[in-house]
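Since chain W is already given, all that's left is putting chain F on it; use the hints.
Chains W and F, in that order, give the protein sequences. According to the numbering used here, the first sequence is numbered sequentially starting from 11. According to the numbering used here, the second sequence is numbered sequentially starting from -15.
Check each hint, because a few of them may be wrong.
As the list claims (entries may be wrong) - The calculated label-pair distances, taken between Cβ atoms and stated as ranges, are: (1) W:K26 with F:Q41: 42 to 48 Å; (2) F:T79 with W:G53: 23 to 29 Å; (3) W:V95 with F:P95: 17 to 23 Å; (4) F:I38 with W:I21: 39 to 45 Å; (5) F:Q1 with W:D65: 46 to 52 Å; (6) W:E69 with F:S53: 36 to 42 Å; (7) F:Q41 with W:E66: 32 to 38 Å; (8) F:P59 with W:V95: 32 to 38 Å; (9) W:G53 with F:L80: 23 to 29 Å; (10) F:P95 with W:E69: 25 to 31 Å; (11) F:P45 with W:D39: 18 to 24 Å; (12) W:V95 with F:P23: 19 to 25 Å.
Claimed, not checked - Listing some non-contacts, in silico: residues in chain W with all C-beta distances to chain F over 10 Å: (13) E66; (14) Q67; (15) F78; (16) V94.
Honestly, the hints are just simulated from the structure, not real lab data. Note that the structure is a prediction, hence the values are computed from the model and not measured. Backbone N, C-alpha and C fix where the C-beta goes; we use that ideal spot for every residue, glycine too.
Each chain, letter by letter, is given below.
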Amino acid sequence: AQKVTQAQTEISVVEKEDVTLDCVYETRDTTYYLFWYKQPPSGELVFLIRRNSFDEQNEISGRYSWNFQKSTSSFNFTITASQVVDSAVYFCALRGIQGAQKLVFGQGTRLTINP
Amino acid sequence: NAGVTQTPKFQVLKTGQSMTLQCAQDMNHEYMSWYRQDPGMGLRLIHYSVGAGITDQGEVPNGYNVSRSTTEDFPLRLLSAAPSQTSVYFCASSTLGQGGLAGYNEQFFGPGTRLTVL
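Only chain W is shown next, with the shape it has when bound in the complex (with noise of 0.2 Å):
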């Protein structure tokens, strides 16, 4: 079975802080895919990033960075100097190659960035 967790169910930072999203995945597979949504109050889902199981090169975009451990399991979410705009839920999802190739999303982490 495939399994997503996001341990953090809220954050709470003052603008400018650097906040890390954890993002914990179990799996069978060899060949997987993770990805990063964010769901801001409007409510829509919002594509961040994906990877694939064979590239465990961290990606930076911007403010924006991920780091992929295949050795912990994990692919974790960095933003750096946080802006309100950043206030949203983000999740974690994990893809196999198996049957309904259903995204199988984690619990999803609430950001709030004050002001």
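Frame of chain W, contents of chain F only:
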């Protein structure tokens, strides 16, 4: 491109009523799916389809039906609404890659339908 569209945006039903949530995409995506989002549980797959005429069950299919007569449309039917079906419903689509797998392909989500069953 409109992307993935869903109607209605909001709906209130009484227990026992039936209704259809509409989903359409204009990106010629083979793979379409329905998820429900409940507080503290992330999103869970209800049904999915890998092409016109092909549908299958996801993780939480009970109480829902789907059909896929065209590539563009993937409606979700609630047969007899129950309060436990109060949720936010998302439709999503993506292309299929090598071997007919969605895999690495980005999944595009619709704006969601907020359903309340009284």
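Status of each hint after checking the structure:
no.: 1; hint: W:K26 with F:Q41: 42 to 48 Å; result: 47 Å, holds
no.: 2; hint: F:T79 with W:G53: 23 to 29 Å; result: 25 Å, holds
no.: 3; hint: W:V95 with F:P95: 17 to 23 Å; result: 19 Å, holds
no.: 4; hint: F:I38 with W:I21: 39 to 45 Å; result: 41 Å, holds
no.: 5; hint: F:Q1 with W:D65: 46 to 52 Å; result: 48 Å, holds
no.: 6; hint: W:E69 with F:S53: 36 to 42 Å; result: 40 Å, holds
no.: 7; hint: F:Q41 with W:E66: 32 to 38 Å; result: 34 Å, holds
no.: 8; hint: F:P59 with W:V95: 32 to 38 Å; result: 35 Å, holds
no.: 9; hint: W:G53 with F:L80: 23 to 29 Å; result: 27 Å, holds
no.: 10; hint: F:P95 with W:E69: 25 to 31 Å; result: 27 Å, holds
no.: 11; hint: F:P45 with W:D39: 18 to 24 Å; result: 23 Å, holds
no.: 12; hint: W:V95 with F:P23: 19 to 25 Å; result: 23 Å, holds
no.: 13; hint: E66; result: 15 Å, holds
no.: 14; hint: Q67; result: 15 Å, holds
no.: 15; hint: F78; result: 14 Å, holds
no.: 16; hint: V94; result: 23 Å, holds
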